[in-house]
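Peer 1: Sequence:
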Amino acid sequence: MEERQVTMDGKTYPMAYPFIVLATQNPIEQEGTYRLPEAQLDRFLFKIEVNYPTLEEENQIIAFAHDRKGGEQLKFIKPVLSAEQIQAFRQKVKEIHIDANLMKYIAQLVHQTRSHPALYLGASPRASLAILNASKAYAAMQGRDFVTPEDIKYIAPSVLRHRIMLTPEKEMEGTGVETVIKQMIDTVEVPR
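Add 2 to a position in the sequence shown, counting from 1, and you land on the number used in our numbering.
Note that these hints are calculated values from the structure, not bench results.
There may be inaccurate statements among the hints.
As the list claims (entries may be wrong) - Okay, derived cross-link-like pairs now, DMTMM-like style, lysine to aspartate or glutamate, Cα gap no bigger than 25 Å in a straight line:
(1) 155 <-> 58
(2) 96 <-> 44
(3) 49 <-> 173
(4) 94 <-> 59
(5) 155 <-> 59
(6) 155 <-> 188
Unchecked claim - Derived CB-CB ranges, DEER-like:
(7) 89 <-> 128: 35 to 43 Å
(8) 97 <-> 68: 42 to 50 Å
(9) 40 <-> 101: 36 to 44 Å
(10) 143 <-> 180: 29 to 37 Å
(11) 96 <-> 27: 24 to 32 Å
(12) 83 <-> 147: 16 to 24 Å
(13) 113 <-> 194: 15 to 23 Å
Please read these numbers as outputs of a predicted model, since none were measured by experiment.
Even for Gly, the Cβ is constructed at its ideal location relative to N, Cα and C.
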């Protein structure tokens with residue numbers, strides 16, 4: 003992913019800028035699926051959990067598929083942003099202010115994952131950078147030119163949930179990663 007190129011059948015293809023990878027992951031308990039190595043998981047910015055659709059949403063999915071006659075759906079996909087607009091937004095995000103104390107808060111949150119008794123594997127420094135940049139992007143999306151502690155608290159679960167691993171004991175007890183993340187967010191104080 004970081005190489006911004008794809009190799010298929012021994013031939014390498016450079017990807018256009020901006021290069022964004024989206025992936026899906028089946029629940030771990032499903033047969034025939036394999037976990038990605040931690041080093042690969044760490045390269046994804048977020049893990050967003052998507053629940054089953056509601057009955058109404060599923061009816062819409064069926065109707066859409068029927069109306070579009072199967073494989074023709076791609077014709078109906080329209081871009082919402084150009085590459086230039088994405089680049090301009092990325093530049094704007096770089097200009098979003100974050101207080102030094104909030105950067106310390108991000109570091110403390112991520113550092114806590116490495117010593118938390120419920121965790122077998124903590125998050126790498128890449129997680130700190132992901133929380134930093136995603137919090138700045140979220141602040142911009144909210145129409146602000148600065149990051150708040152609430153931005154960080156909102157973003158952190160999506161950045162951390164695929165980067166940390168519970169101890170086998172906690173997994174057997176039924177403790178969830180979300181519970182541990184919430185506990186850390188609730189206990190790590192924002193530096194003043």
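Peer 1: Compare the structure with each hint and give your call.
Peer 2: Hints versus structure:
no., hint, verdict
1, 155 <-> 58, "violated (31 Å)"
2, 96 <-> 44, "holds (22 Å)"
3, 49 <-> 173, "holds (19 Å)"
4, 94 <-> 59, "violated (35 Å)"
5, 155 <-> 59, "violated (29 Å)"
6, 155 <-> 188, "holds (9 Å)"
7, 89 <-> 128: 35 to 43 Å, "violated (22 Å)"
8, 97 <-> 68: 42 to 50 Å, "holds (46 Å)"
9, 40 <-> 101: 36 to 44 Å, "violated (31 Å)"
10, 143 <-> 180: 29 to 37 Å, "violated (23 Å)"
11, 96 <-> 27: 24 to 32 Å, "holds (30 Å)"
12, 83 <-> 147: 16 to 24 Å, "holds (20 Å)"
13, 113 <-> 194: 15 to 23 Å, "holds (18 Å)"
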